[in-house]
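**Q** So the sequences go chain by chain: V, A, X and S. If you count the first sequence from 1, position 4 lands on 4 in UniProt numbering, and the numbers rise without skipping. If you count the second sequence from 1, position 202 lands on 202 in UniProt numbering, and the numbers rise without skipping. If you count the third sequence from 1, position 353 lands on 353 in UniProt numbering, and the numbers rise without skipping. If you count the fourth sequence from 1, position 105 lands on 105 in UniProt numbering, and the numbers rise without skipping.
One should not assume that every hint holds.
Said to hold, decoys possible - Among the chain S residues that face chain X by a calculated CB cut under 8 Å, a handful are:
| # | residue |
| --- | --- |
| 1 | V10 |
| 2 | P14 |
| 3 | F51 |
| 4 | H52 |
| 5 | S57 |
| 6 | L309 |
| 7 | C319 |
| 8 | H320 |
| 9 | E420 |
What the hints assert, rightly or not - Computed list of lysine-lysine pairs in DSS-like fashion (alpha-carbon distance at most 25 Å, straight line):
| # | chain 1 | residue 1 | chain 2 | residue 2 |
| --- | --- | --- | --- | --- |
| 10 | S | K418 | A | K374 |
| 11 | S | K374 | V | K24 |
| 12 | X | K24 | A | K374 |
| 13 | S | K394 | A | K394 |
| 14 | X | K379 | V | K394 |
| 15 | X | K207 | A | K24 |
| 16 | X | K24 | A | K79 |
| 17 | X | K207 | A | K9 |
| 18 | S | K394 | A | K395 |
| 19 | X | K9 | A | K79 |
| 20 | V | K207 | X | K424 |
| 21 | A | K9 | X | K79 |
| 22 | V | K24 | S | K207 |
| 23 | V | K379 | X | K156 |
| 24 | A | K424 | V | K9 |
As the list claims (entries may be wrong) - Here are a few chain S residues that face chain X, going by a calculated C-beta distance under 8 Å:
| # | residue |
| --- | --- |
| 25 | F11 |
| 26 | N60 |
| 27 | Y256 |
If you are wondering where the hints come from, they were derived from the structure by calculation, not from laboratory data. This structure is a prediction, so every number in the text was calculated from the model and none was measured. Every residue gets a Cβ at the ideal spot worked out from N, C-alpha and C, and that includes glycine.
Protein chains: 4
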Amino acid sequence: MSIRLTEEKVFKDPVHRYIHVQDKLLWDLIGTSEFQRLRRVRQLGTTSFTFHGAEHSRFNHSLGVYEIMRRLITNFSDKPMWNDEDRLLALSAALLHDIGHGPFSHSFEKVFDTDHEEWTRLIILGDTEVNEVLRHVHADFPKEVAAVIEKTSANKLVTSMISSQIDADRMDYLLRDAYYTGVSYGQFDLERILRVMRPMDDQVVVKASGMHAVEDYIMSRYQMYWQVYFHPVTRSSEVILSKILKRVKALHEEGYPFKQPPHHFESIFSGAMTINDYLQLDESVMHYYFQCWQKEDDPILEDLCHRFLNRRLFAYVECHPNERLTDIMALQELFWEAGMDADYYLEIDSSSDLPYDVYRPGEEQRVPIQLLMKNGQLKELSSESDVVESISGKKRTDHKLYYPADTIASLDSSIRLKIESILKQM
Amino acid sequence: MSIRLTEEKVFKDPVHRYIHVQDKLLWDLIGTSEFQRLRRVRQLGTTSFTFHGAEHSRFNHSLGVYEIMRRLITNFSDKPMWNDEDRLLALSAALLHDIGHGPFSHSFEKVFDTDHEEWTRLIILGDTEVNEVLRHVHADFPKEVAAVIEKTSANKLVTSMISSQIDADRMDYLLRDAYYTGVSYGQFDLERILRVMRPMDDQVVVKASGMHAVEDYIMSRYQMYWQVYFHPVTRSSEVILSKILKRVKALHEEGYPFKQPPHHFESIFSGAMTINDYLQLDESVMHYYFQCWQKEDDPILEDLCHRFLNRRLFAYVECHPNERLTDIMALQELFWEAGMDADYYLEIDSSSDLPYDVYRPGEEQRVPIQLLMKNGQLKELSSESDVVESISGKKRTDHKLYYPADTIASLDSSIRLKIESILKQM
Amino acid sequence: MSIRLTEEKVFKDPVHRYIHVQDKLLWDLIGTSEFQRLRRVRQLGTTSFTFHGAEHSRFNHSLGVYEIMRRLITNFSDKPMWNDEDRLLALSAALLHDIGHGPFSHSFEKVFDTDHEEWTRLIILGDTEVNEVLRHVHADFPKEVAAVIEKTSANKLVTSMISSQIDADRMDYLLRDAYYTGVSYGQFDLERILRVMRPMDDQVVVKASGMHAVEDYIMSRYQMYWQVYFHPVTRSSEVILSKILKRVKALHEEGYPFKQPPHHFESIFSGAMTINDYLQLDESVMHYYFQCWQKEDDPILEDLCHRFLNRRLFAYVECHPNERLTDIMALQELFWEAGMDADYYLEIDSSSDLPYDVYRPGEEQRVPIQLLMKNGQLKELSSESDVVESISGKKRTDHKLYYPADTIASLDSSIRLKIESILKQM
Amino acid sequence: MSIRLTEEKVFKDPVHRYIHVQDKLLWDLIGTSEFQRLRRVRQLGTTSFTFHGAEHSRFNHSLGVYEIMRRLITNFSDKPMWNDEDRLLALSAALLHDIGHGPFSHSFEKVFDTDHEEWTRLIILGDTEVNEVLRHVHADFPKEVAAVIEKTSANKLVTSMISSQIDADRMDYLLRDAYYTGVSYGQFDLERILRVMRPMDDQVVVKASGMHAVEDYIMSRYQMYWQVYFHPVTRSSEVILSKILKRVKALHEEGYPFKQPPHHFESIFSGAMTINDYLQLDESVMHYYFQCWQKEDDPILEDLCHRFLNRRLFAYVECHPNERLTDIMALQELFWEAGMDADYYLEIDSSSDLPYDVYRPGEEQRVPIQLLMKNGQLKELSSESDVVESISGKKRTDHKLYYPADTIASLDSSIRLKIESILKQM
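Using the sequences and the hints given, assemble the complete structure.
**A** What follows is the structure, given as C-alpha cells:
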C-alpha cells in the first residue's frame, strides 16, 4: 500500500534542520495545488506588523508539523497497535491539518461566519488534487484523514497526536513562530519530549521523567500567547482588517458602485462559495483588492485600506466592556458627532487564553497530558506539576478598546478634548 | 538638525536581536507608504520555491542594513571627519537603499529593461512621502541620500559603507538569508568585523588583526551565491516568471482579448510608467494576475501561470550555449515540431559570480577591502590572504538549459525519444 | 581616579559573544593570582558527572557577571545618583563576588564548617594582589567592594545589582550553565531585561513592560534548579565527596599513618587556615590527593576515592527522613551487620529551593523584584504575575537516600535480600 | 555477540543535543577507569588561557566522536559489506581513539619523546579495564580496535571513518572546539555531510551533491587552525610548560634537592614508565606539582611555574629562525649577560598546517576526500573545488620568538635597550 520514494527527498528547514519525505503519498500531497496555495497564506496573518520577522507561510508550518509527526512515530514502529496505514494516516493528517485555512483566517471567519475546519473537510473530501492523491491509498482514506483532523475518528491515538494539549501542531508552531519572530519564549526541548512520548491505548502519554520538559513547553505556550499571538498591535491590524471586510460587504449589499468590484468575494457574500472560489481567495488576492480600494470614493473603505496597507493602525486602551459601558456609549455618541462612523472606528477586542486545560465533563476540550509513572499508573500533568497547576484552567482575558488616535488628533479641539478625556481616564 | 525620539523605539529582529531607532527622521522614513510597501516584496523573490523558509521581505532586510550601519558608526562618533549629518546620511541611505525594488526584480528588470536603482532615485527625489520626510533635514538632503545610493556622492566614506566588497547591505543579507533559509553557510562574526572597521579618508578599512574574520565573510558570500542565490531550482522558477511576463507583453501587443487585462502593466508596456504606477506593482498584485491568467484561453500564458503558482517547474541540464549550439538548435526544431513554443519552453540561464573583486582600472567595480597593517600601511586583502587570493577575480559561470520534462514525458514516443536522447547526452 | 586602557581588551565568550574590559583596574584584577586561581575551580563542582559539558570554571562565570554588570550600567551613566566610583565599585564587586570559592564548595563547606563568603572578604581585605590593585582606587576601596559583596554596604543600589532576585550573578550563571550543560531551560531574553532595568533609589527596578521577560527568567531559574543543580546523580557524587573529606579528617584525628599525608588540609583540620593555605587548595590539589588515597590501606578512604575518580556513584531512592525513620535505622543496623560503615555508606541528602521569595519581615531574604508601572508606582512582581505568584515563597524539598547498590549486590544473599526489600518499598 | 541495553542511555550534549548509547559494550567502556580519566585531561590543553571557554575535556570530545560515528553508520546498516562486528569495531575505535592522551600532550610528548598513539595501543592491549571489556566481544577484538586506531587494520573502511581528511574525530573537534571557545569559525552542516557519505570499498566517499558542505568543512578546519589551535598566546603558555618539564628533568638529573620531588615523573625520566604510571599522570597531578614547585629554591623552576599558574606569559614577535639567525644569537648573548638563562627564556615556536592534503606517493598522509559523481566515477575533491584546490597541499608555517617582556622591562636600561632594539626591528 505504501510506496517508498526511490530516494528520500529533503527540505532544508530552519527549525528542524531537515524535513525528510520518504513516501510517494506525502510527496504527491505536497505537490498538489491546494497544498502549494498555503505558500500564499501567512501563518500568523497580520503579526508581521508587530514582529517583522514573522512572514512565514502556512506551507512552512505544515511541513514542520509533518516532520514532528514523522519523528514521533519513528519510535512507534515496534508497537503492536501500530501499522503502516496508521503511519500514513498520521503523516497525511499532520501535513493537511491546515489545508482549509484562508487568508487572515481570524478576521475572515469572524466577518463571514465561516470556518477553516469545515473547508479542510471539504478540500479533503471534494473534487480536488488532494482527494485524488489520498484515494490512491484506498477509497475511504480521504474520509479517514478528514475524521482525524475533525476529531471524529475512531482512531483516537492518531487524533491525539494532532489535537491534544501537546501535539505535533502546537509543538511546531511554538518553535517556528519563536524562530521567525526572534523571541526567545518559544524554546523547549522537542527532542526530549519526543523521546518520552509513548502510545498507550487511545492517546500518547509522557513518561514521568520528562515532566519538566513538558512544563517548559506549557510555559512556552503561555508566554507565546501573551507576548506574540495576542499582542495588542497585531490585534489593532486585525480590527482594521475586519472593518474592511465588513465595509465591503455592506457596500456590496447596498449596491455601491465599486471601481474595482469585489468579484472574488461575491460568492461568499451570497453564501454560495465553492471550494474553487475559496481556494482562489489567498492573501495576494486580498492585498490586490485592498490596494485597488484605496482609490474608491467611499471614505471609510478608502481610509481603512490605506491604514492596513501602510500600517496606520488604531491606538488602544485597556477597557473592560461591562465595566465601561457608559464611557463606551459616550464615545460612540462623540464619534458620530465628529463624523466618525463608530461602527468602523471604535472596537472592543478581547483575547482569552486557557494555557492548560484539564478535562471537565461536558465541556469541549483538548485531551489533557497524562504522565506515565514508574509504577505504570497514569497521572494527569497538573496533579504533579505545581507550575502547570497554577495556570491550569485559569482563563485570562484581555480587553482593549481600539480607536484612530491620529484622526482624533486632527479634530476640532472642543470635541477632541472630550474624546481624549474619556480615553485618558480608562 | 537631528531630532531624537523621546524614547528609543525597538524592533525585535531574529538576526540582530533588536533594531534600535533613536531619530525621528528614521522613524518617519520607516512609516512612509513607500517603505511599508517593501513588506510586499520578498527579499529573495522565488527562492522560497527551493528553500521554503526564505519568505522574508525587503522591509525585513532594509531594517537590518540600517541596524548594521547604526552599530558600525557608533564607533565613529569621535572621529574628526565625522559629523551628525554624516550619521543621518549613512542611516538614511542604509534604510532606503532598496526602496526602488519591485517584485521579482531579477526577472522583471530583464523583461522590461528597467532598473531598480533608477527607481530608487526617482522615489527619493520625486513627489513621495520619503522625499518629504528627507527634506525635513534640509532641501538638498534627498539628493545627497540618492547620490550615496547611486555611488555618485562626493562623500565616498559613507558610500563605501553601503557599497563596497564589505558593506552593511551585504553583511545583512548574508546573515539574514542564511537565517531564513536555514543553511549554515552565511555565518560570520559580524560583531568582530564591526569592531575592526575604521573610517580612513575615503573608505572604511579593516584592522589586519581582523583578517580572518573577513576571510570568513568572503567565504560565506561565495557559498551563499552557489548554494542559495544561484540554486538551479530557483532559477527554474525565474525562467518561468520571465516567460510569463514576456508572453503577457506579446499578447498585449498583438491585441489579445484578455479576460483579465494587464491594467497594472500597461504603463510599463507603453514606456510611460510613473512612480505611482510602479509603487502599486507589488508581489501581491503580480500574484493576483497570475491567478487570474490561469483561466485565460491562451494555452501558453495559462500553462506558465499554472506552473508558477503550483510549482510545476522546468527541469534542467548543464549546457554551455556555445559548445552545444547544434544540440540546442536541434531541440528547438523538435520543440516546434511537437507543438511546444521553444521561445517559451526552452531557455538557457547563466549565472556568474565574482566572489571578490580587486580593482582593475577601467572596470566598474566595488571598492576592494583594505587591511590596515600595524605599521599604518594599507594592503589590499587578497595580497595577504591565500584563500581570498585563490577566488579573487575568478568569475565562475554556470549555464543550464531549462525545459518542461513533464510535458515532454507526455509526448508521442517517437519525438519524445529524440528529445530525451539529446538531453541525456548533455 | 579611573584609568582607561589605551585600547579596550576583549575576551571571546560563548555566552555574551565578547567581554569588554576598558579600565586598567579591572584588567589588573583579572591578572591577579587570586583571580587566575578561579580557573582551577569549576563553577558547578561535580555536575559534570551528570552533564559532561559542564566543565567550566568560576573564572569563566566571573568574567560573565562582570560583563552583564558592564552592560547594565552603560544605561545608567546619565542618572544623577550614579558616578564613576559607583561604576568601578559595581564592576569590581561583580568580578570578585566569587573570589572566595574553594573547590567543590558545597561539600567542602559542609564538612569543614567554613564559608566562601568569609574567604571572599578575607581575600579582598587581606595581604593579597587583589587588595593591592583595589587600593589603587583609594585606601578604603577594598572595604567598599567587600561590603557590597557581603550586602552590608550603604550603597544598596550597587548591592542589589549583585545580590537580589534578579542580579548580574544569577543572570550569568543561568545562561552560562545552560550553555555548557546543553539544556534548553536556562534561556531568557537578557538583552530585553537589561533594557527595562532602571536604578531607583536603593534598588534596580524593572519597567512593567518587561514583566514577561522577567517571568521567563524566574521560570528558567526554577527549571535549572530542579533539572540541573539538584540533579540526584550530582548529589550522589557530592555525598561521596563529603564522605571522603569526613574520612580523611577522622583518620587524621586518630593518627592514621597516611602514605600520602593530607598536608594541604592540616591547617583547616586544626582551624588555623591562612589565606595562603586556602588559596592553594584548588580542585587540582584535591584531585591529586584523591588519586594518591586510592592506594591507602584504609578500605573506606580507598574505596570512596576510587568511587569518586571513576564515577562509581551511589544509587538513591526517595526517602523522607522523618517518615522513614524506622526503615533508615533498620538499614543502618543491616549495614553494620554486613560490614559497611553506615556513617560513610548511607546518607540522606535534601535539596530545597525557593524559586522566588517575597519579602517576609524578620527573614533573611533577597530583595524582591519591583515593577515600575506606567503611572510611576512600584508593584512587587508576584502581585502582578500569576505564574510567579504560583511558585512564590513555596519551598520545595527533595529528600533522597544514597547507598552503594554495587556493594550491596555483592553481599551474601540473606542480608542482601533484607536490605533490598527495605529499599524497594521506599 | 552484541548485547543491547534494555533501555537506551542518553547523555545531554551541547554539540549533538543527545548522545545515545544502545550497546552494553559501549556503556561498559565509558565506565572504565581509563576512560573516566579523560575527564581530567582537557581537550585543548592550554587554550583556555586564550579562549577562557575552552575548558572541556577529552572525555567530552570522545563521546562526541562516538556519537558522530553512530549517526554515520546508521545509514550503513543495509550495505552488504557491513555487519554487526564492523559496527562495534567502528564505535569502539571512535570512543577510544584518544584514550592514550596524557595531560598537555603537545608539550609533554615533545619533552619526553613519547607518543599518545603508542599509549593508546598499550592501554587497549594491556592489563586494563578497557581491554577486559573489549575481550567480551572476542579475544582478538582489542587488537582489532587498536589496529583501526593505529591505521594498520585490514579494515580500511572503518579506519577511514576515524582517520581521513573528513572523519568522525575531526568533525567532532571542529564543532566542539568552536562551541566551547565561542568562535563562529567551526560551523558546518554536519547533518548534511553525514547524509552524503557512502561506504565504498575501502573508504567512505561523498556524493558530489554535498561538495559545498565539504568545502565549508575544509574552510572551517583551516580557520580553526589559524584562529584557535595555533593562537600565539596559547603557544606562549605551551612554551612555558615545555620549559617547566625540561627544567624538572634537568634538575632531577643533576640531583637537585626538591622540596616536592617529582615522584610521578620518575619512571618517565628513567624510561621505565608503566601503563599504570602513565594513567596516574593527569592534569590535576601536573597542576599539583606546578603549585608545589612555585616554592622551590631553583629560581627558574619557581618562576616558570608561577608564570604558568598565574598566566604571566611570554611576549612574542614574528621571527623566521633562518632569516634571523644573527639576531637570535645576539639576543641569546644578551640574555646570558642579563642573567636570564636563554635555554629557558628564549624560544622559537613554529606551527604548520596542511589544511587539505592530496595523496602524494611515498608520503605519510591521510586518505583524501573522494567525490562520488552522478555517473558513478570518483573524483578527488581538490580537482573539483576551486577553493579547496587553492589551499590544497600548501603548507603554511608561522614562526614566533617568545621571551619574557616583563622581566626584560625590569632590567638595567643599558642592556634592556639593546634587547628591545633587536626585538623591535624583527
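**Q** Taking each numbered hint in turn, which are not upheld by the structure, reported in ascending numerical order?
**A** Checked against the structure, the hints that fail are numbers 1, 7, 8, 9, 23 and 27, while the rest are satisfied.
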